[in-house]
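Use these hints to put chain S onto chain W, whose structure you have.
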Amino acid sequence: MIKKMMSFLLCLTLLTGCQSATLEEHTLSFTAMNTYMSIRIYGGSDDLLQEIKEKVEEIDATVSVTNSDSEIYQLNHHHQAQVTDHTWNILSQALPLCQDTDGALDLSIYPVVKAWGFTTKKYRVPSSKEIKNLLQHVDYRAVKLANQQVTLKKDMAIDLGSVTKGYTTQLIIDELKAHHIKSAIVDFGGNVHTLGHKTDGSQWTIGVKAPETGEAAATITINDLAVITSGGYERYFEENGHIYCHIIDPHTGYPVENGVSSVTIIGDNGLRCDALSTALFVKGKDKAIAYYQSHHDFDMIIMTNDHKIYVTPDFSHVIKILDPAYTLEVISDVQD
Amino acid sequence: MFKTRTWLIIITAIIMISGILTFTISSSRLKSQNVQIIQDGKVIETIDLSKVTRAYTFTIKCESGYNTISVEPGRICVIDADCRDHICMQQGWLSDQATPIVCMPHGLIIQLSDASQTDALTQ
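Residue numbers (this note's numbering), protein chains in the order written: chain W, 10 to 345; chain S, 38 to 160.
Hints are computed from structural coordinates only; laboratory data are not their basis.
Here the structure is a predicted model, which is why all the values come from computation and not from measurement.
Glycine included, each C-beta is placed from N, C-alpha and C at the ideal position.
Among these hints, one or two may not hold up.
[Said to hold, decoys possible] Below, a list of computed lysine-lysine pairs in the BS3-like style, where the Cα atoms sit at most 27 Å apart:
id, chain 1, residue 1, chain 2, residue 2
1, W, 191, S, 79
2, S, 98, W, 62
3, W, 207, S, 98
4, W, 141, W, 162
5, W, 186, S, 98
[Claimed, not checked] A few chain W residues facing chain S, derived, Cβ under 8 Å:
id, residue
6, 62
7, 218
8, 236
9, 237
10, 273
Extracted from the complex, chain W is given alone in its bound form:
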């Protein structure tokens, strides 16, 4: 018996030894796109992570709305621009999602967001007349794409911020796959994308943040998926006791206020998860659930101000509630 146990332990030691020798952990944290980014890979090298960092900086420089050398800046100021692959890819994937969400996601909301001061942190509540005027120029359907050329109507401006982080994490995961990395986790300011399983074969555990505590209200376990959240609690300002969050409803021009504190989308495409997290946050609980029921090709966790966590059926057995203030409700697969 003792002999058997000894040989088992020996095998275990050897196996663990082999694994750590071949799959060394490399991590890199840096700031980009107004947030922090951290990449952890098993296998590969520090040089590979540096290459990825340069790619992220390249995307940032290309689609930044404030950098005067960026393609988006040029487009917003001249209403026409010849664009390179990153801008083209983001626009051609995101615009159909604007349509599919009935404009709950609208890349052309930027002038309204600017008027509220969210781009400069000089917050203010614009007059209803000002909002009405600005909304006349908000229409994703007026963004025209043809042969890598993008055109906007006069007085329009776009911002790809609501989808760029998801696009970037997807690009990183694809790049890591091309380098034969089998296990990695990318965290882009709370937008998480995982590749494969952890080196011990288990799934990645991702926490979903409770706005009140800043800690995980619940956890889920995943592999090979993106988990992207939009929440009103991350950026907001307060005036005369009223809280205004940074996500603007493109239909009203006002910050979203619908009882939802966050929407988390789980899926295999980073950009789509990013886009849907914003769009379904704007739509609110009931319309977000109806959108899920007519699509079914992603999963979702909705957290509400009254401390409920709504989860799609596939994740109802996976989710673990850590914060006792929250109760779980399972979303029906079909409409009632």
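Same frame as chain W, but now just chain S:
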């Protein structure tokens, strides 16, 4: 019989009290104690906050300015900086694994390096 019961009560009480004490102490301080200070993607300093016995401050300089960091037993924050937005200072003490202290203008990140219950936190 009486003796066994008394002992059981004493042992249970000790376990409960130490449990409550552990919870109280750990919840007032960071659960994880290893902090990394990263500048421009490179770890420039690692601090084990559990080994800090006396408060101290130090300054990190970069091309665009400086950040002064305050370290106390079990906690860390930025107390002074010449960046344009001072968001790093407003963040206060580092409070959880998911939200590092970030100074965008100076490319500075102060984050916990240990994984806790989760591998990442979506927010």
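Hint-by-hint comparison with the structure:
{"no.": "1", "hint": "W:191 to S:79", "in the structure": "24 Å, holds"}
{"no.": "2", "hint": "S:98 to W:62", "in the structure": "22 Å, holds"}
{"no.": "3", "hint": "W:207 to S:98", "in the structure": "37 Å, violated"}
{"no.": "4", "hint": "W:141 to W:162", "in the structure": "17 Å, holds"}
{"no.": "5", "hint": "W:186 to S:98", "in the structure": "37 Å, violated"}
{"no.": "6", "hint": "62", "in the structure": "6 Å, holds"}
{"no.": "7", "hint": "218", "in the structure": "4 Å, holds"}
{"no.": "8", "hint": "236", "in the structure": "5 Å, holds"}
{"no.": "9", "hint": "237", "in the structure": "7 Å, holds"}
{"no.": "10", "hint": "273", "in the structure": "6 Å, holds"}
When the structure is compared with the earlier hints, violations turn up for hints 3, 5 and for no others.
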